[in-house]
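Undergrad: Whole structure, please, built from the sequences with the hints as guidance.
Number of protein chains: 2
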Amino acid sequence: MSRRWIFRSVFAASFSASCAACFQLSADTPSSSIEFNTATASLQFFATTASGCLSVSPLTLPPPAARAPRRFRPRIVDGHTEGMPSEGEFDLIARLAPFLATSGEDLVVGHGDDAAVIDVDGRGVCLAVDVLVEDVHFLRAVSSMSDVGYKSVAVNCSDLAAMGATPSVALVGLCRPTDVSSADIQQLYEGMSEACERWGLRLVGGDTVAAQALAVSVTVMGDVAPEGVVRRSGARPGDHLLVVGSLGAAAAGLALYRATGEFDDDLLIAHRRPVARVAAGRTLADGGATAMIDVSDGFGADLTHVCQASGVGAVVEATALPAADGVAAVAKRLEVDPYTYIAGGGDDYALLAAVPAPAAPALATATGGVVVGEVIAGPPSATLRLPDGSTVDMAGMGWDHYGEERA
Amino acid sequence: MSRRWIFRSVFAASFSASCAACFQLSADTPSSSIEFNTATASLQFFATTASGCLSVSPLTLPPPAARAPRRFRPRIVDGHTEGMPSEGEFDLIARLAPFLATSGEDLVVGHGDDAAVIDVDGRGVCLAVDVLVEDVHFLRAVSSMSDVGYKSVAVNCSDLAAMGATPSVALVGLCRPTDVSSADIQQLYEGMSEACERWGLRLVGGDTVAAQALAVSVTVMGDVAPEGVVRRSGARPGDHLLVVGSLGAAAAGLALYRATGEFDDDLLIAHRRPVARVAAGRTLADGGATAMIDVSDGFGADLTHVCQASGVGAVVEATALPAADGVAAVAKRLEVDPYTYIAGGGDDYALLAAVPAPAAPALATATGGVVVGEVIAGPPSATLRLPDGSTVDMAGMGWDHYGEERA
Numbered sequence: 008m009s010r011r012w013i014f015r016s017v018f019a020a021s022f023s024a025s026c027a028a029c030f031q032l033s034a035d036t037p038s039s040s041i042e043f044n045t046a047t048a049s050l051q052f053f054a055t056t057a058s059g060c061l062s063v064s065p066l067t068l069p070p071p072a073a074r075a076p077r078r079f080r081p082r083i084v085d086g087h088t089e090g091m092p093s094e095g096e097f098d099l100i101a102r103l104a105p106f107l108a109t110s111g112e113d114l115v116v117g118h119g120d121d122a123a124v125i126d127v128d129g130r131g132v133c134l135a136v137d138v139l140v141e142d143v144h145f146l147r148a149v150s151s152m153s154d155v156g157y158k159s160v161a162v163n164c165s166d167l168a169a170m171g172a173t174p175s176v177a178l179v180g181l182c183r184p185t186d187v188s189s190a191d192i193q194q195l196y197e198g199m200s201e202a203c204e205r206w207g208l209r210l211v212g213g214d215t216v217a218a219q220a221l222a223v224s225v226t227v228m229g230d231v232a233p234e235g236v237v238r239r240s241g242a243r244p245g246d247h248l249l250v251v252g253s254l255g256a257a258a259a260g261l262a263l264y265r266a267t268g269e270f271d272d273d274l275l276i277a278h279r280r281p282v283a284r285v286a287a288g289r290t291l292a293d294g295g296a297t298a299m300i301d302v303s304d305g306f307g308a309d310l311t312h313v314c315q316a317s318g319v320g321a322v323v324e325a326t327a328l329p330a331a332d333g334v335a336a337v338a339k340r341l342e343v344d345p346y347t348y349i350a351g352g353g354d355d356y357a358l359l360a361a362v363p364a365p366a367a368p369a370l371a372t373a374t375g376g377v378v379v380g381e382v383i384a385g386p387p388s389a390t391l392r393l394p395d396g397s398t399v400d401m402a403g404m405g406w407d408h409y410g411e412e413r414a
Numbered sequence: 008m009s010r011r012w013i014f015r016s017v018f019a020a021s022f023s024a025s026c027a028a029c030f031q032l033s034a035d036t037p038s039s040s041i042e043f044n045t046a047t048a049s050l051q052f053f054a055t056t057a058s059g060c061l062s063v064s065p066l067t068l069p070p071p072a073a074r075a076p077r078r079f080r081p082r083i084v085d086g087h088t089e090g091m092p093s094e095g096e097f098d099l100i101a102r103l104a105p106f107l108a109t110s111g112e113d114l115v116v117g118h119g120d121d122a123a124v125i126d127v128d129g130r131g132v133c134l135a136v137d138v139l140v141e142d143v144h145f146l147r148a149v150s151s152m153s154d155v156g157y158k159s160v161a162v163n164c165s166d167l168a169a170m171g172a173t174p175s176v177a178l179v180g181l182c183r184p185t186d187v188s189s190a191d192i193q194q195l196y197e198g199m200s201e202a203c204e205r206w207g208l209r210l211v212g213g214d215t216v217a218a219q220a221l222a223v224s225v226t227v228m229g230d231v232a233p234e235g236v237v238r239r240s241g242a243r244p245g246d247h248l249l250v251v252g253s254l255g256a257a258a259a260g261l262a263l264y265r266a267t268g269e270f271d272d273d274l275l276i277a278h279r280r281p282v283a284r285v286a287a288g289r290t291l292a293d294g295g296a297t298a299m300i301d302v303s304d305g306f307g308a309d310l311t312h313v314c315q316a317s318g319v320g321a322v323v324e325a326t327a328l329p330a331a332d333g334v335a336a337v338a339k340r341l342e343v344d345p346y347t348y349i350a351g352g353g354d355d356y357a358l359l360a361a362v363p364a365p366a367a368p369a370l371a372t373a374t375g376g377v378v379v380g381e382v383i384a385g386p387p388s389a390t391l392r393l394p395d396g397s398t399v400d401m402a403g404m405g406w407d408h409y410g411e412e413r414a
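If you read the sequences in order, they're chains Z and F. Counting the first sequence from 1 gives a position; this note's numbering is that position plus 7. Counting the second sequence from 1 gives a position; this note's numbering is that position plus 7.
Check the hints yourself; a few may be wrong.
A few chain Z residues facing chain F, derived, Cβ under 10 Å [as the list claims (entries may be wrong)]:
(1) His118
(2) Leu139
(3) Gln193
(4) Ala218
(5) Ala220
(6) Ser224
(7) Val378
(8) Leu393
To be clear, the hints were calculated from the coordinates, so they are not data collected in a lab. Even for Gly, the Cβ is constructed at its ideal location relative to N, Cα and C.
TA: Printed below as a string of structure tokens:
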């Protein structure tokens with residue numbers, strides 16, 4: 008298979024899935040997710056963005072029976088897609104920017120990073136919010152209510168981990184449709200509680216309201232020393248890139264489910280119950296990490312965010328990426344390039360950090376992470392060096408729009 | 008009109024409205040809203056609750072054309088309603104209690120109050136979250152997108168005001184259906200921004216996701232001295248009850264709209280753009296208020312919450328309640344007892360505080376508030392003394408289920 012397929016197929020899959028799953032969405036309009044300081048818990052296709060805080064088109068996951076036929080294959084041109092609404096996401100980012108605070112006074116980190124950080128008398132209070140919506144970010148066929156609750160807390164902890172922060176409390180805003188019973192909500196809370204216990208949070212309040220569709224909005228607060236905050240913007244040429252956690256399991260598990268209806272629990276656990284790398288985040292922050300992000304949108308997309316925020320390039324060795332067990336087998340079975348999942352999938356919640364080269368070996372050992380590449384000088388770009396020595400620009404998607412159709 | 012109608016009509020109205028507006032709800036099942044530490048931005052009927060943190064059945068607001076005929080009139084018995092699902096709200100409260108933290112260590116206030124308070128090195132960090140859902144908490148026919156944004160911030164500031172806290176930052180989780188354009192979202196953010204400016208907050212981040220229905224989940228963080236926090240639970244016999252702000256405007260304005268389709272902007276402003284009484288909250292906290300709550304569920308319901316949390320009774324003079332201008336006229340026109348709106352309506356976002364009697368006159372002057380009654384010893388109960396000298400128990404709803412039908 009041509010490597011031109013790597014990104015193209017990810018996009019096409021997420022695009023058609025969006026159309027099928029979000030039944031209020033028109034067939035030719037991808038769903039959209041825009042994050043201002045937190046990562047959405049969704050699989051998302053690669054998009055070059057102006058701000059580094061835009062992610063387009065969560066990979067929604069219709070059950071196989073409900074999947075609509077692929078009616079439309081958008082061409083990808085310079086990071087824009089045909090078929091997008093004329094008032095697109097770039098327009099929206101520009102519209103909203105004036106209303107969002109980035110920094111200043113006691114605001115150490117505002118919108119545009121994984122979480123906000125406020126200086127409270129020298130202590131850093133770190134805040135993130137993520138919303139999980141049924142049929143956009145999870146399917147009840149794949150995830151139990153307990154899984155959804157667990158994940159709603161975990162993804163926020165992952166955002167805090169990427170700042171070097173330690174979560175402390177959570178609040179939940181729950182939109183509850185009538186087909187969600189009290190027992191369902193109890194299970195959701197059980198899942199949240201399990202995640203809270205694992206990462207040392209207390210659930211201190213919230214608001215449950217009647218709604219048409221199930222959505223869980225969790226806010227997590229955490230602690231960080233203001234001077235210890237790691238942003239996306241500090242990566243420097245010569246830094247090494249470290250990944251803690253494995254890549255591709257959720258994307259491969261979901262692709263397998265979509266293609267065959269099979270549940271591979273070993274892969275889907277990454278989607279159902281992601282692991283927030285809180286301790287590793289602290290270790291990396293303490294060890295001098297210059298930039299950090301959690302890999303929620305896909306490795307390539309999130310590395311692109313770091314490169315754009317830091318004004319640097321990055322070169323990554325594909326063979327060094329820590330692929331999750333079982334990803335290669337799914338890729339082979341579905342005749343998809345494995346890097347589709349490893350570099351292009353999302354929902355991994357691995358940590359990606361830029362660290363000073365001399366510190367990299369020790370930090371890798373301390374966190375169980377692996378060095379996957381290097382930060383270079385130059386305009387923002389994220390390059391993947393494939394096993395055959397050729398390279399792919401993970402940020403630019405224009406490269407593939409001459410590729411042949413997949414059989 | 009018999010005073011037995013006061014509560015009955017409020018309940019019946021909110022019940023039928025719920026059924027009509029929430030089209031996923033079955034006709035005989037009211038929508039529900041459960042708040043763990045924050046007030047929902049909805050009109051709600053009176054309900055006696057075990058925990059003081061439960062509010063049932065937001066008054067949803069279908070446009071007149073969409074209103075369903077009243078098919079079912081539930082009987083109200085001991086705070087329970089027939090027609091509720093067998094696994095009702097009391098069951099849910101009991102199910103969730105084990106997962107929610109109330110206090111301990113650095114958690115000054117957990118679930119069960121208007122907001123949570125965490126002690127961060129001697130500084131109190133105050134957190135609240137409220138979710139506003141279209142067709143449950145607002146109608147686009149009544150509120151502009153800017154109004155919705157404004158209100159989503161204001162109602163959280165009101166929760167913080169009731170703790171004596173000062174808001175500092177806000178985060179937004181936005182569920183965006185496809186019929187909400189970029190321009191709509193910009194207007195929503197303009198409204199949030201206006202409210203942020205008014206109460207001194209910065210909007211520091213959030214998450215926007217595709218969804219079937221419009222919902223806005225806002226989290227607000229604020230500052231408070233941990234020793235200055237005012238809970239619901241501190242009211243003592245002999246304290247005076249002070250109300251800052253006026254009552255009944257939103258309920259009357261919405262009732263008029265529902266009955267006639269008329270927009271009375273002077274009344275609806277309370278529903279569209281509520282005022283958070285932040286400065287008054289601080290003044291009351293500094294002045295020794297023993298308990299405080301914001302009046303979001305309706306005066307009687309919220310006073311009941313305070314009485315239950317504090318283990319006291321309360322007697323209120325109906326004529327002392329600060330009715331908003333125009334409420335009496337709507338009540339007369341619709342042939343409804345005005346206390347339906349004044350004591351039974353919601354969305355007022357007035358502050359209700361218990362203050363030591365000697366401090367009451369000065370605090371009333373300083374805040375523009377009025378003394379409406381007194382805290383008394385005895386089992387939790389909230390009594391309204393009507394102009395004719397008779398009394399109504401605002402907490403207990405069993406009293407009215409022998410009342411005659413309204414013509």
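Undergrad: Evaluate each hint against the coordinates.
TA: Each hint tested on the structure:
1. His118: holds, 4 Å
2. Leu139: holds, 8 Å
3. Gln193: holds, 4 Å
4. Ala218: Constraint on Ala218(Z) satisfied, holds at 5 Å.
5. Ala220: holds, 4 Å
6. Ser224: This interface hint holds because 4 Å falls under the 10 Å limit.
7. Val378: With Cβ-Cβ at 30 Å, over 10 Å, it is violated.
8. Leu393: violated, 33 Å
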